[in-house]
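Colleague: The residues making up each chain are set out below.
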Amino acid sequence: MIGLAQVYLVGGVFFAATAWFSGRDRTNPRRLRSATFWALLALSFLAGDRLGDVGNGLLVVGLVVVAALGMGRSRQSTSTPEQRRAAALTHGDRLFLVALVIPASAFAGTFVAKQTRWGARLIDPSQATLVSLVLGVLLALAVARLWLRPDFRTPDDDGPSRPQHLVPLREGRRLLDAVGWAAILPQMLASLGVVFLASGVGRAVGHVFSEHLALDSRLAAVAAYCAGMALFTMLMGNAFAAFPVMTAAVGLPVVVHRFGGAPSVVCAIGMLSGFCGTLMTPMAANFNIVPANLLELPDRDAPFNSVIRAQVPTAVPLLAVNILLMWWLAFR
Amino acid sequence: MSLLGIAVLVLGFVLRANPLLIVLAAALVTGMAAAWGPGADAGTLLHAATGTLAAFGRAFNANRYVSVVWLVLAVIGLLERLGLQERARTWIAGVHAATVGRLLAVYFVLRQLTAAVGLTSLGGQAQMVRPLVAPMAEGAAEARFGPLPDAVRFRIRAHAAAVDNVAVFFGEDIFIAIASILLIKGFLEQSGIVVEPFDLSRWAIPTAIAAFVIHMVRLALLDRRLRRDLGGPGAPR
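Here the protein sequences come in this chain order: A and B.
When the count follows the working numbering, it moves up by one through the first sequence with no breaks and lands on 332 for the last residue.
When the count follows the working numbering, it moves up by one through the second sequence with no breaks and lands on 237 for the last residue.
Since the hints were derived computationally from the structure, they do not count as laboratory data.
Note that CB positions come from ideal geometry on N, CA and C, so glycine has one too.
Treat each hint with caution, since some may be false.
Unchecked claim - If you only want the chain A side, here are some residues facing chain B, beta carbon under 8 Å, derived:
1. T36
2. P244
3. L318
Unchecked claim - The calculated label-pair distances, taken between Cβ atoms and stated as ranges, are:
4. B/V10 <-> A/P298: 24 to 30 Å
5. A/E211 <-> B/V194: 29 to 35 Å
6. A/P303 <-> B/G39: 51 to 57 Å
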């Protein structure tokens, strides 16, 4: 049965290859730091279960120190616009079909693993989506190789000595280098959530709200809960971490129990108010920093980059709409 | 005292420190603050810091699956090398009715509807926006207005990223088996309130409609602004 262990093995190989290519990239003056970062992540994927808790903690410290010092950026271009235009003419719409292999197999694999007996023997049903995603990546690479039959030996290459089967790793590394340290921020925030939970931060926040805010009307309570969800989500980088804290602090005791709001409406719209916060924070790396890096936006390192600024004018009115919706719908 | 970690998050924000550094510092401060009390000395704090580091390391190791998604970059990178972005650009230039706003509106609708039936993995910043949506949006503008100034090009890209986020956030909760709905259900059950996933997901619909309306207005304004900045009523070519 294919499960998490195999998924982490494939991931580890990819990050190790990224470390190798980054270390040899002479266009990045900080290539050694970059190589160290990806090598540490590869170590975590390949041997994390054998490092022990303190060992993993020290590994995280290493990742953070390298990232904070600065990893530089690669200026290596693996192909010219002319080469890509020529390739686009050769391959045409087949490129779109190969791109759809990953989502299609992620969907089909999840379905097969959860719904059929033979599928459950092949793919661990509890990790179906992750396993199917990785299988989809491997399948897409195989399809690209066999169907498109790409020829990378163009006159600009430095000779036929470059092994062709490493091209996907080389190109993947180019994009991962653009994502940079933001690649592990979601994983870091999930870990911070665990520490916060163990230390009772949620209870403390609830205490602050109940002592310092006069929530003496339905609208005030609803507004405090929704705005609190958005603000705390901005700090924590995702609404999943903010939801248990804010709902235990304000949502349930005040909006539901004191004023009699319907819990399903309050929680559903409360979560969506948190999503308005996600649109406005640099802590939500995979939604707001990663695209700025991937799209090579010039202000990608600014705390409020142009992706966030494009989203704020939607997020703010939508938060107001959420407050009004909860106020109308929860107390009918 | 346990709120000190949140103070560190706020401080880090204000000082514009590296977010990874902020997160690790917030975790360590939270752990040490919890151990602080009468009679606490340097040894107690050191012990608390090591314990928190170990807890953080264990959680980091358990959450590795979050970072597995980067594997798709190998496929996207390969397809880009084979001309995927260029193909997307030429394809959209052949659609004469296409404007940046209309193209992004169509993608918004597709992304929101597929997310609402649980197909969140059909889109995404690395999978769809960088290789397809952003090049198509740029291609639509180029077909209409000619070569684009850099500022306009970057504004269009930022809007392409924003459309993917807004559409998926306010579509996915309509699906009953999405993580956030299951989180709410689990949380309420712990508090002694039993709700059906369907009862939660149908209350996501009003916000989904509001998000759609607000963002369609934004995209219409984007088209108007592009016409004003780049000149002309926008006759093709």
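Colleague: With reference to the structure, classify each hint as holding or not holding.
Modeller: Verification of the hints:
no. : hint                          : in the structure
1   : T36                           : violated, 14 Å
2   : P244                          : holds, 6 Å
3   : L318                          : holds, 6 Å
4   : B/V10 <-> A/P298: 24 to 30 Å  : holds, 27 Å
5   : A/E211 <-> B/V194: 29 to 35 Å : holds, 31 Å
6   : A/P303 <-> B/G39: 51 to 57 Å  : violated, 40 Å
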